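Number of protein chains: 6
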Amino acid sequence: MKERIAVFPGSFDPFTIGHCSIIKRAIPVFDKIIIAIGLNDDKRSFFSKEKRTEWIKAIFRDYDMIEVDTFNSLTIEYAKKTGAKFLLRGLRTSADFEFERQIGQVNKSLYPEIESIYLLTLPEHTYISSTIVREIIKYKGDVSRFVPDIIASEIHHSYL
Amino acid sequence: MKERIAVFPGSFDPFTIGHCSIIKRAIPVFDKIIIAIGLNDDKRSFFSKEKRTEWIKAIFRDYDMIEVDTFNSLTIEYAKKTGAKFLLRGLRTSADFEFERQIGQVNKSLYPEIESIYLLTLPEHTYISSTIVREIIKYKGDVSRFVPDIIASEIHHSYL
Amino acid sequence: MKERIAVFPGSFDPFTIGHCSIIKRAIPVFDKIIIAIGLNDDKRSFFSKEKRTEWIKAIFRDYDMIEVDTFNSLTIEYAKKTGAKFLLRGLRTSADFEFERQIGQVNKSLYPEIESIYLLTLPEHTYISSTIVREIIKYKGDVSRFVPDIIASEIHHSYL
Amino acid sequence: MKERIAVFPGSFDPFTIGHCSIIKRAIPVFDKIIIAIGLNDDKRSFFSKEKRTEWIKAIFRDYDMIEVDTFNSLTIEYAKKTGAKFLLRGLRTSADFEFERQIGQVNKSLYPEIESIYLLTLPEHTYISSTIVREIIKYKGDVSRFVPDIIASEIHHSYL
Amino acid sequence: MKERIAVFPGSFDPFTIGHCSIIKRAIPVFDKIIIAIGLNDDKRSFFSKEKRTEWIKAIFRDYDMIEVDTFNSLTIEYAKKTGAKFLLRGLRTSADFEFERQIGQVNKSLYPEIESIYLLTLPEHTYISSTIVREIIKYKGDVSRFVPDIIASEIHHSYL
Amino acid sequence: MKERIAVFPGSFDPFTIGHCSIIKRAIPVFDKIIIAIGLNDDKRSFFSKEKRTEWIKAIFRDYDMIEVDTFNSLTIEYAKKTGAKFLLRGLRTSADFEFERQIGQVNKSLYPEIESIYLLTLPEHTYISSTIVREIIKYKGDVSRFVPDIIASEIHHSYL
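Residue numbers (the working numbering), protein chains in the order written: chain A, 18 to 177; chain B, 18 to 177; chain C, 18 to 177; chain D, 18 to 177; chain E, 18 to 177; chain F, 18 to 177.
Be a bit skeptical, because a hint or two may be false.
No copy is singled out in the list; a pair is fine if it fits within one copy or between any two copies.
[To be verified] Taking lysine-lysine pairs in the DSS-like style, the calculated list, with each CA pair at most 25 angstroms apart, reads: (1) Lys68 with Lys41; (2) Lys68 with Lys19; (3) Lys68 with Lys102; (4) Lys155 with Lys97; (5) Lys60 with Lys102; (6) Lys157 with Lys98; (7) Lys19 with Lys66; (8) Lys157 with Lys125.
Calculated directly from the structure, the hints in this document are not laboratory data. Quantities reported herein were computed from a predicted structural model and do not represent experimental measurements.
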């Protein structure tokens, strides 16, 4: 039996309900999904890697098929090391599409055995991004509509 | 064990190497793929449904997991009847993306249990479409780069 | 006091909850909104002009500031005759945007005194269009999520 | 009588003839327009907030219905405080559209009572942006086609 | 010396000031430009091929380097026959771009020796298309801003 | 005889096979092509200007009609000084198109005598950019598919 393993890469700074929805809808497609938090040395993240990891682990505590990991390399190199045969990504807008197409085609060129699989975000999540969430936090606005409850309540207590 | 069945709908008038590539790359994702030829009463097709079915069956003759069928209903209604839990589609350009997003969101709204799964076409197939192939045939041009060999040789003998 | 009159043109074949939402959200902007059903001789409509008019009038029965009319000319010529200084349009996707921009700039060129004013459709209405609704009706699918109740119930009885 | 107040937010670094055109065309829509200069602590602006304010005030000196203000918060929070019921924005390209759609939908989600109203820039202003103007100034090029006269002459004397 | 011959293909139904501008701006690039009117058997044209040819010939009467011709084949086949090494096209919007990219890549695949060369339409011509002009004529509107004078005056006398 | 000189501007940090392909395909259009490396004081480049110049010169060593230069001004000012009448640019995606259209229209406005001429990148080069190449180098991935051999081998020895 082939086991279908997918990597869902991102910086998740922070994880949003849009990310959450894509993963839950992708569960029937795969046998295992690895949520892989990319650590980019160049960019200071808003939330620490420990906090980002802790939150995502808590959200998927009851899902045996979902793992959480961090990586600091090309996404495709990381995926190769895990044995995954799929990358999972969400598509929100045609701007997203153009960006994802470039990344997807580079990855395909570097390592053809791994396929990128896309789901469309739900209409009501189309405008949600980590960037927007950080912007709202910066000005002490309410992000409870945009991130999972566990993240919202901690942000509410610590950052606002 | 959950069986992953996907419907790959289209008019395939005719089937191109772009369609062929998407299906072959999707084989590792699913346990069964049903290539479903949509028959639209309003539009006269260029090739008969018998010819389109025959060609696709011949191309996938050696693939047990691939079935070929026709339907004359909403795609999502057809998918529901087959027991499929997935629709499979290829994305070529951002124009494609906008079109597919609308269809995908309507389908999700009509029947949330079925997920649409997208693959990006390979860069070298981005510009290939059934419409372009028909246009070239109409002017007796050479379509052998754009359709599978079996279709190209028959078109060459019968239409040019 | 300047009176702000807007024309909301379309074929409304049929009127959808997306159209309805744009109009209700535009009420605070204008003093009068004329919903103008364009009759295009070239295209046979799916629903008769009488039916389309009747439905829209019923939906806005309680809104004094909203009128319903038909026209068979260039939209901008019609608007000029009514004395309106604004055209109102909804924008769903970037494909929509490119189309609307062309129309808007032609209208501005033909009659600079009239401004086109745009609202974004709500995320949950982005994928709803009259074309999709007609397609679903043709295959006897359920359109009750996409059109106002009064239209849905009549379609349910007469067309399905 | 309802008073229609709109906020036109931006960094206006500097104000261009594109901004100017949108505002003048929006005058018939609203009773008051507040041009709101966003001060973003993270980004050093090219022109000081005092200079940007002074220029815009000079340009609209003779317009009673136009006010100029600065803010340092989420745009939608600022708008709420002013009592405005509308945000006014210009749309130039489909890239703009995708960006504005995200912002507009976030704002609608945070504060549904405020509607964002869009005008298309004129064709001849489509390519003008503050970013381009700053780039040209940096290389001592001529920006007199792109900014109002009062700004052009001052830039000419002070920066070139 | 290499002679640079370009084919500028289109249906030109009718020729617009946008077409005219692209050709005049392309004159410094080429030694000869063939304006090639495509005759598509499937579509009835609005203006006869004789009328379209006559108009374009009159417009470029004084340009020795510009020829006018008709063709009824694949554009690329026609170009090959003329000995042209270039196709010339104008790009207006990103919708245009996606369409032209597909056509251009098909042509490149069918006949790699011929390069497609693109110019951007001027901002003030972006929204002008033959389709819009025909639509305006149908409703007896004024097209004098959109087509060369010689065409405008004849349309004014004969069609309105 | 008019001499056709084109400037092909870019930061070329580094030069890719996509750039290389555009230039080679543009050779039949022009009599001289100046590859002009823009030096932007604000951004630290990844490769030094000497290295970038050396590489491009080596690649086109056997092409008399191709020159390599650097500039530190507005592109259009630089082009004017060289006597070029054309700017040459490649178009990959519709995101590219929107960006290039803005730049092209600004340049046309600043100096109407210079025309920007566009070629479409080949489908197989659509996803290649200097940014992607730098990102891969940063993580010590293999860029040999994306840059000319001479650059690939030097990067392989010096950076990985």
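Okay, the hints, checked on the actual structure:
1. Lys68 with Lys41: within (21 angstroms within a copy, 40 angstroms between copies)
2. Lys68 with Lys19: neither (34 angstroms within a copy, 34 angstroms between copies)
3. Lys68 with Lys102: For Lys68 and Lys102, the Cα distance exceeds 25 angstroms both inside one copy (28 angstroms) and across copies (35 angstroms).
4. Lys155 with Lys97: between (37 angstroms within a copy, 18 angstroms between copies)
5. Lys60 with Lys102: neither (28 angstroms within a copy, 38 angstroms between copies)
6. Lys157 with Lys98: Close across copies (15 angstroms), not inside one copy (40 angstroms); limit 25 angstroms.
7. Lys19 with Lys66: neither (32 angstroms within a copy, 35 angstroms between copies)
8. Lys157 with Lys125: between (41 angstroms within a copy, 17 angstroms between copies)
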